[in-house]
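> Here is what each chain is made of, one letter per residue.
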Amino acid sequence: MKGLILKDLLNLKGTFKTLGVMMLLFTVIFIPAGNDFVFGIIIIMLAMMVITTISYDDLAKWDTYALTMPVTRKEMVLSKYLVLGILTISGAILSLIVGIIGTMIMGRSFSMEILAIIGGVFLIALVFGSFMLPLIYKFGAEKARLMLILCILIPMGIIFLLEKMNIPMPSTGNPWIYLFLIMAFTMGGLILSFVISLRIYEKKEF
Amino acid sequence: MTNALEIRNLNKSYGDFQLKDVSFTVPKGSIVGFIGENGAGKTTTLKAILNLVNRDSGTIGMMGMDTIKEEKKIKENIGVVLDGCNFHDNLNTGDISKMMGFIYENWNPVIYNKYLEKFKLPENKKFKEFSRGMKMKLQIGVALSHEPTFLILDEATSGLDPIVREEILDVFMDFIQDEEHSILISSHITSDLDKIADYIVFIHQGEILLNEEKETLLDGMGVLKCGIEEFNKLDKDEYIRYRKNQFGYEILVKDKRGIKKKYPEAIVDGASIEEIMLFYIKGEK
Amino acid sequence: MNIIISNSSGKPIYEQIAMQIKNMIIREELFPGDLLPSMRFLAKELRISVITTKRAYSELERDGFIETVTGKGSFVANKNMAFIREEQLRLAEEYLQKAVDIGKSSDITCEELTEIIGVLYKGE
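Residue numbers (the working numbering), protein chains in the order written: chain A, 1 to 206; chain B, 1 to 285; chain C, 1 to 124.
It should be emphasised that the hints constitute simulated quantities derived from the structure, not laboratory data. Just so you know, these numbers come straight off a predicted model, no measurement behind them. It is possible that some hints are incorrect.
Not close to chain B: a few residues of chain C, all C-beta gaps over 10 Å, as computed [what the hints assert, rightly or not]:
| # | residue |
| --- | --- |
| 1 | Ala43 |
| 2 | Leu89 |
| 3 | Glu111 |
EDC-like, lysine to aspartate or glutamate: derived pairs with alpha carbons at most 20 Å apart [claimed, not checked]:
| # | chain 1 | residue 1 | chain 2 | residue 2 |
| --- | --- | --- | --- | --- |
| 4 | B | Lys135 | A | Asp58 |
| 5 | B | Lys73 | A | Asp58 |
| 6 | B | Lys135 | B | Glu105 |
| 7 | B | Lys72 | A | Glu205 |
| 8 | A | Lys204 | B | Glu71 |
| 9 | A | Lys74 | B | Glu155 |
Here a beta-carbon is modelled for each residue, glycine too, at the ideal position from N, C-alpha and C.
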């Protein structure tokens, strides 16, 4: 499986460079404006590159070839989830660095807020991934663009409904329990997503 | 264990196409040529062996192991070349070696580099700049660089010019010098198989029509050419298929020496694998 | 050593190979104890099937011209050449006897038979 992850990272080398330039631009533009939006973008963009790796695979008809090697279908699917994890974590770390540099440059103090935003977007990216991956396995990376929109609308819709139904939105009363719940939910979501993806993939014919 | 591969009663349906009771073996140390038209079932059979597709019924064993139960172990020991599959455009030969080192237990970078040299594949070029021939040679090099004992080749020489093809056939012949090694090769380029195959397995519309030693096949079969009067004199069991044109008949016979003896004046030519295939598919009984 | 095979000759390839090696042994171009090329190597160089070279070597071994030792290879047999020639003559005589029997019982003359033998020799 290390080989599969390596392959994805090698494939993304080119994309990383483009991304690096874009990130620099964003940082230069947004930090002085005091806009913390930039952290969200970095993490989400990196996480979504997992879709790019799947597109590359499809183009090369890689899966058909890879499955003739001593690689199980489980490993094929797991490697994508690990890549998602690696990308998202990298995104979070990068955001942190940008945040620290930003505050140093702007002479502000590093607030907990930035940390909270990074953490929040990190988890949201993972949840996005959890939705996207099974959909991609079922319908292909091409339709992923469409799926992306759905993935944004559905969680938003759920939150909207919850508000409408007057379920109390968690306040910052006890942030640690809240945080713990969200992390558990995200983890659970990832695991469920993996199981579904695996089931789809195992039935696939190449 | 005398068989590197054993397929027994493989059945698979795909909409309106069906593999029916496909059975054949690849004896250890031999090269089996797998022939048939497009859509006859060659690729489906190979994919079933590799568990890329499911099967309805049948058993497949390689090197004495069941291909489903001991899949990973088997795949460590086989080299596969599939037409149409490539490495990612952005990668280069060095990337592949690093990757394969993690995937195969017996990945041998020294042998890999020797093949890169032998096939003159450039080291730092991305694959999107590789020609078709180069991509094929790379796949073959990769297939041979983890010490496999069995090669499964699906159209591994198609689209290549005769010079490159000969190079590649030589590589396969080298591989088979070790009698523990075996090859299953499917190809449209039957002239390649005329040369190197030990056995020919012919599949048509999902069923195996022929499964014989190549030399016996080519030694025995012949094409009798004659007019309608002579054709009508033949017994039905003296020939396999026939084709007619405006000026005469062409008849595929099983025993060309026998026919020559019986009709010393007859024109009987040898038959190539391609001709045999054409007779079976387009000839009449 | 040269082994030349023809795809268009009437004879099966294994027979051609066996005959050429046999002749080399009889003409003393190959000596007892000489190592012959491996069946697989021969197949590769001539671009033919290993089954064919195996068959050729089997025939040579059956007729006493070579010996195969597993793990080592095939060697020209340590047999008396004159003896082998005697054997081949005897074999030829056996077959000719059959032809003569047929000839006698169907009124074919000795000259006619001899002519046929002449033609067959040339027809090679």
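> All hints, please: hold or fail.
Hint-by-hint comparison with the structure:
no., hint, in the structure
1, Ala43, "8 Å, violated"
2, Leu89, "26 Å, holds"
3, Glu111, "22 Å, holds"
4, B/Lys135 with A/Asp58, "17 Å, holds"
5, B/Lys73 with A/Asp58, "26 Å, violated"
6, B/Lys135 with B/Glu105, "23 Å, violated"
7, B/Lys72 with A/Glu205, "18 Å, holds"
8, A/Lys204 with B/Glu71, "17 Å, holds"
9, A/Lys74 with B/Glu155, "29 Å, violated"
In this structure, the earlier hints numbered 1, 5, 6 and 9 are contradicted, and the remaining ones agree with it.
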